[in-house]
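Colleague: Given next are the chains, with one letter for each unit.
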Amino acid sequence: DAKTTQPPSMDCAEGRAANLPCNHSTISGNEYVYWYRQIHSQGPQYIIHGLKNNETNEMASLIITEDRKSSTLILPHATLRDTAVYYCIVRPRDDMRFGAGTRLTVKP
Amino acid sequence: DAGVIQSPRHEVTEMGQEVTLRCKPISGHNSLFWYRQTMMRGLELLIYFNNNVPIDDSGMPEDRFSAKMPNASFSTLKIQPSEPRDSAVYFCASSPLAGPTGELFFGEGSRLTVL
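Protein chains in written order, with this note's numbering: chain Z, 1 to 108; chain S, 1001 to 1115.
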């Protein structure tokens, strides 16, 4: 019962912005959009979350469309260390299930 | 601050043996999650606890798997008897909030190989 759709893979040039899209057309009013990433075999790492407003922190920016049916995670200046699988999750907090994610490869 | 601590980091065992994985959540966190990751199935939620109480164990694959949280600082995931298809990386995660804005903090995982 995937609630999000992400492209399976993307490439990005080092130093450029990486824009990772996520579709969540069935999102409910009380559901947040979360982004995590998993570098190699490490545990997933929280990046950012939002409800309806755009959000920014030291790692990334999250842009959520006005109808909340899609969002974009932006890594403003991608580095080689940002190569990872990025997961977009739309769930009540107590049901954090991960999909397949997007494998982002940052190339020199 | 110590993060989520899992042990063992690596476990190799033979089919039929009992396996116990352990997790110490971050102090003060009141939610704990167990996940399993394989190449074929990705990252699967097995069970989660709120305030030491199991809330949803629908992801537990079968009766061979059991999880407990006897207190706020310790949880175990047990597989008895283990089978080769249980080989995976098992992650534990904890969260500081019971509301909708909590973020998960993951441990480094326990890599299980069942021969």
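Keep in mind the hints are simulated off the structure, nothing from the lab.
One thing to keep in mind: the hints can contain errors.
Here are some chain Z residues the structure puts well away from chain S; computed CB gaps all over 12 angstroms [stated by the list, open to error]:
1. S41
2. P44
3. T56
4. G99
If the Cβ cut is set under 10 angstroms, some of the chain S residues that face chain Z in the computed set are [unchecked claim]:
5. Y1048
6. P1061
7. E1062
8. F1065
9. S1066
10. A1067
Glycine is no exception: its CB is placed at the ideal position from the N, C-alpha and C atoms.
Colleague: Hint by hint, note whether the structure agrees.
Modeller: Status of the hints after comparison with the structure:
Taking the minimum C-beta to C-beta distance to chain S, about 7 angstroms, the non-interface status of S41 of chain Z is violated against the 12 angstroms cut. With a closest Cβ-Cβ approach of about 5 angstroms to chain S, P44 of chain Z is found to fall inside the 12 angstroms limit, against its non-interface label. Residue-level check passed: T56 of chain Z sits 16 angstroms from the nearest beta carbon of chain S, beyond 12 angstroms. In this structure G99 of chain Z is not separated from chain S by more than 12 angstroms, as the shortest Cβ-Cβ distance comes to only about 7 angstroms.
About 7 angstroms separates the beta-carbon of Y1048 of chain S from the nearest beta-carbon of chain Z, less than 10 angstroms, and the hint is met. The beta carbon of P1061 of chain S comes no nearer than 15 angstroms to any beta carbon in chain Z, farther than 10 angstroms, and the hint placing it at the interface is violated. Interface hint at E1062 of chain S: violated, since its Cβ lies 19 angstroms from the closest Cβ of chain Z, which is beyond the 10 angstroms cut-off. Violation of the interface hint for F1065 of chain S is found here, the shortest Cβ-Cβ separation to chain Z being roughly 17 angstroms, above the 10 angstroms cut-off.
At a threshold of 10 angstroms, the smallest CB-CB gap from S1066 of chain S to chain Z is about 21 angstroms, leaving the interface hint violated. With a least beta-carbon distance of about 16 angstroms to chain Z, the hint placing A1067 of chain S at the interface is violated under the 10 angstroms criterion.
Violated hints, listed in ascending order, are 1, 2, 4, 6, 7, 8, 9, 10; each of the other numbered hints is respected by the structure.
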